[in-house]
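*Asks:* Listed below are the residues making up each chain.
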Amino acid sequence: MSAAAATAAASYSLVRQPAMETGLLEVSMGPHHPSTHGVFRMDVRLDGETVVALKPVFGYLHRNHEKLAEGMSYLASMPFTDRLDYFNSMTNNWAYALAAEQLLPIEVPERAQYLRVIMAELTRLVNHTSLVGFFLNDLGALGTPLLYAFRERERILDLFEQASGARMMCNYFRFGGLRCDVPEGWLARARAVVDAFPRFLDEFEKLLCENEIVLARTQRVGVLSGAQAVNAGITGPMLRASGVNYDLRKVDRYGIYERFAFRVPLGSAGDCYDRFMIRLLEMRESLKILDAALRDIPTGPVMGNAPRVFKPAASETYGRVESPKGELGFYLIADGTTKPYRYRVRPPSFINLTVLEDLCVGHTIADAVVILGSVDIVLGEVDR
Amino acid sequence: MTQTLLNLLAIAVPLAVGFASLFAFTTWLERKILARIQNRIGPNRISLPFTRFRRLFGLIQPAADGLKMLAKEDIVPRDADKLLHLLAPILSLVPPMMVLCLLPLELPYATAGMRALQAAALDNAVLLFFAITSLNTLAVFMAGWASRNKYSLLGGMRAVAQMVSYEIPLVLSAAVVIMAAGGMNAQAIVEAQRAQWFIFTPWGLAAFLIFFIASLAETNRSPFDLPEAESEIIAGYFTEYSGFKFALFFLGEYLAIFAVSGLAVTLFLGGGAGPWVAAYPALSCVWFLAKIFALIFVMIWLRGTLPRLRVDQLMGFAWKFLLPLSLLNLFVAAAALKLAKPWLSWPVGALVLYGAAVALSRSHRADAAPRTYSYAE
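In order, the protein sequence lines correspond to chains A and B. Note that the first sequence covers residues 1 to 384 in our numbering. Note that the second sequence covers residues 1 to 377 in our numbering.
For the record, the hints were derived by calculation from the structure and aren't laboratory data. Some hints here could point you the wrong way.
Short, incomplete list of chain B residues facing chain A, as computed with Cβ under 8 Å [said to hold, decoys possible]:
{"#": "1", "residue": "D74"}
{"#": "2", "residue": "R78"}
{"#": "3", "residue": "S222"}
{"#": "4", "residue": "E232"}
{"#": "5", "residue": "L309"}
{"#": "6", "residue": "R310"}
{"#": "7", "residue": "V311"}
{"#": "8", "residue": "E377"}
Some residues of chain B that are not near chain A, with every Cβ distance over 12 Å (derived) [to be verified]:
{"#": "9", "residue": "A16"}
{"#": "10", "residue": "P49"}
{"#": "11", "residue": "G58"}
{"#": "12", "residue": "I90"}
{"#": "13", "residue": "M157"}
{"#": "14", "residue": "R194"}
{"#": "15", "residue": "W287"}
{"#": "16", "residue": "A290"}
{"#": "17", "residue": "A294"}
{"#": "18", "residue": "L344"}
{"#": "19", "residue": "D367"}
DEER-style ranges, computed between Cβ atoms [unchecked claim]:
{"#": "20", "chain 1": "A", "residue 1": "G362", "chain 2": "B", "residue 2": "V348", "range": "41 to 47 Å"}
{"#": "21", "chain 1": "A", "residue 1": "E258", "chain 2": "B", "residue 2": "P324", "range": "57 to 63 Å"}
{"#": "22", "chain 1": "B", "residue 1": "D79", "chain 2": "A", "residue 2": "R179", "range": "52 to 58 Å"}
{"#": "23", "chain 1": "B", "residue 1": "V298", "chain 2": "A", "residue 2": "D202", "range": "22 to 28 Å"}
{"#": "24", "chain 1": "B", "residue 1": "S361", "chain 2": "A", "residue 2": "R284", "range": "28 to 34 Å"}
For glycine and all other residues, C-beta sits at the position ideal for the given N, C-alpha and C.
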């Protein structure tokens with residue numbers, strides 16, 4: 001046999017198999033996947049079931065939000081802010097109104113201030129109940145906690161509907177106040193919802209926070225250290241779960257938050273369990289704020305004397321609020337016309353998502369889904 | 001000869017038709033119970049055509065679902081292994097159908113000659129049961145492999161690891177009963193429980209619990225539904241199945257649940273024994289099914305309640321907890337049977353088994369505990 005034939009035979013040998021090798025499996029999770037929370041994609045590289053590398057891919061829901069807003073008058077983009085984080089239209093509205101009110105100072109009447117706080121805290125309840133429900137869904141709890149969470153959410157959405165006419169796309173805030181006052185009897189109905197809420201939370205915590213499987217699946221999974229969180233610009237419950245005390249309601253004291261007594265729960269481990277628990281505890285604090293706000297709310301107008309045409313002088317500003325997902329900011333540059341020269345959103349979901357790979361690498365694919373759930377993203381805000 | 005054939009048909013037809021209709025009923029039951037657990041109503045829309053029965057609690061829903069499945073396009077991925085893709089759902093259906101024949105179901109119209117009616121009253125029925133059901137693993141892996149889909153493959157891998165692991169505690173806990181009954185004949189096992197169901201002994205109770213947990217994993221039920229974990233790998237091994245092939249998987253899964261619950265009833269719950277059976281032997285079949293459905297209800301309840309384990313936790317639970325415990329249970333059962341002193345075996349047996357379970361879970365459980373949180377003002 002010639003040398004060439006021997007080499008060919010060796011390379012073509014079916015009998016002598018080389019040693020068995022394992023390779024990495026690349027899976028493109030999403031954009032159509034039950035638990036990527038919308039049209040989000042994770043390109044994961046798996047060694048068995050362990051995540052070796054993960055690349056978040058987004059942009060499937062990009063709809064030119066910022067450029068659109070630069071082409072229309074300031075107020076006209078208020079309804080579009082509803083669609084950023086479509087769970088929290090009220091806080092989105094507030095962040096935008098806050099930024100605009102810094103460009104052209106308008107006094108916000110007392111009643112409107114109170115209603116803004118009430119709406120924002122109700123929104124926080126909506127967001128956090130949905131989140132814990134979805135989070136447990138990602139853990140494989142087959143919708144049961146989610147549906148109970150949604151039952152409570154429905155009650156608050158009913159309140160939103162009565163006040164603004166819409167359940168999710170509320171478009172309720174205006175520069176200098178609110179679009180309209182709440183209807184008669186609304187405050188009493190809100191009071192009933194707020195009073196009934198702790199019972200739901202008690203039940204939820206009793207059933208889930210000490211569940212063996214929940215504990216085993218979430219503790220020490222997706223640990224984010226405080227330093228890493230600060231470096232990555234993480235905000236909101238995710239940052240506080242890592243033990244960093246930073247809540248814009250305390251730091252900026254925007255609106256009338258300095259009048260309310262509430263505490264900021266802080267985690268220590270920064271894992272999925274802390275992120276889950278911090279949200280539950282924050283709801284308790286929100287209930288305190290709501291309780292006080294519903295008690296103290298004065299009567300009066302809900303709209304300050306805003307100019308008929310909103311036309312700020314050339315200047316720039318950054319307004320931010322503590323949205324349920326983190327720091328939601330609007331950066332506006334005015335050029336003296338009725339349209340913003342530059343309109344930029346600082347979306348908490350998007351920035352909180354940047355550490356996803358660091359959180360997931362080394363965990364299994366099942367954990368990656370749970371970690372993504374604990375980050376709390378809404379694709380409307382990530383992609384804009 | 002003709003008589004034998006007729007007898008066989010009299011058994012085979014009710015088994016094939018009866019359990020298939022029970023499958024439809026069970027899907028309805030599962031959806032209804034889950035809906036109640038989840039604060040919903042569940043299916044309640046489909047009416048019986050041309051009748052006054054407009055709603056009927058949604059009982060017609062399974063028929064509508066079946067029609068829909070039949071009418072759906074059968075999609076086979078381009079790169080799939082077409083033969084295996086076709087064979088997998090069939091193979092997943094056949095083993096559970098076969099083992100249903102081994103259950104000591106005493107059908108109501110059993111004549112004296114056909115007493116203890118079952119399609120195949122074999123002396124080693126339990127052994128054959130496990131031999132046949134382990135084929136299911138093959139079907140699942142075939143589906144996962146043949147689909148050429150990464151989620152399917154992951155699901156198939158998970159299924160193989162899980163089903164092979166949980167088969168061991170399953171068989172070991174059945175071995176306890178075989179020891180007590182002195183044989184593997186299903187009818188003899190039921191007879192041996194005439195005085196006392198095996199679940200009412202300490203080793204029998206432990207074996208039943210292990211058997212039930214392992215059978216949840218064996219049939220891919222929550223919280224061990226990793227091979228088809230929706231939130232992680234879409235639908236696992238049957239991601240790429242549609243139409244009637246999907247329905248076959250579904251049917252196979254439910255028949256496997258019937259089969260394994262039926263075996264649990266045979267081994268631990270006295271088979272068809274129950275009140276008034278002596279007076280009306282026909283009731284035996286009813287009791288048998290009632291016990292099966294009681295077990296299925298618990299399965300549905302667990303499904304509506306528990307989150308899912310992770311792969312490593314699942315495997316750890318089988319190998320580090322269930323396996324040692326079922327081995328210990330073998331010794332406890334042997335000692336109890338040898339001593340034959342019930343007043344002694346209960347306290348000692350229960351203490352040993354419970355102590356072992358606590359010690360095992362202490363040493364292997366994830367170091368996880370509820371936390372307290374600090375607040376910043």
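*Asks:* Does each hint fit the structure? Answer for all of them.
*Replies:* Verification of the supplied hints:
1. D74: Violated, about 21 Å.
2. R78: Check failed: Cβ of B/R78 comes no nearer than 17 Å to chain A, outside 8 Å.
3. S222: The hint holds - B/S222 has a Cβ within 8 Å of chain A, the shortest such distance being about 6 Å.
4. E232: holds (5 Å)
5. L309: holds (6 Å)
6. R310: Constraint on B/R310 satisfied, holds at 5 Å.
7. V311: Check passed: Cβ of B/V311 comes within 6 Å of chain A, closer than 8 Å.
8. E377: Holds. Min distance 6 Å.
9. A16: holds (31 Å)
10. P49: Fine: 31 Å to the nearest Cβ keeps B/P49 off the interface.
11. G58: holds (18 Å)
12. I90: holds (28 Å)
13. M157: violated (8 Å)
14. R194: holds (38 Å)
15. W287: holds (31 Å)
16. A290: The claim holds: B/A290 sits with its nearest Cβ about 26 Å from chain A, beyond 12 Å.
17. A294: With a cut-off of 12 Å, B/A294 remains clear of chain A, as the shortest Cβ separation is near 21 Å.
18. L344: Label holds. Min Cβ-Cβ 33 Å, cutoff 12 Å.
19. D367: violated (8 Å)
20. A/G362 / B/V348: 41 to 47 Å: With Cβ atoms ~46 Å apart, the hint holds.
21. A/E258 / B/P324: 57 to 63 Å: Distance hint for A/E258, B/P324 holds at roughly 60 Å.
22. B/D79 / A/R179: 52 to 58 Å: The hint (52 to 58 Å, Cβ to Cβ) holds, given that B/D79 and A/R179 are roughly 56 Å apart.
23. B/V298 / A/D202: 22 to 28 Å: holds (27 Å)
24. B/S361 / A/R284: 28 to 34 Å: This hint holds: roughly 32 Å between Cβ atoms.
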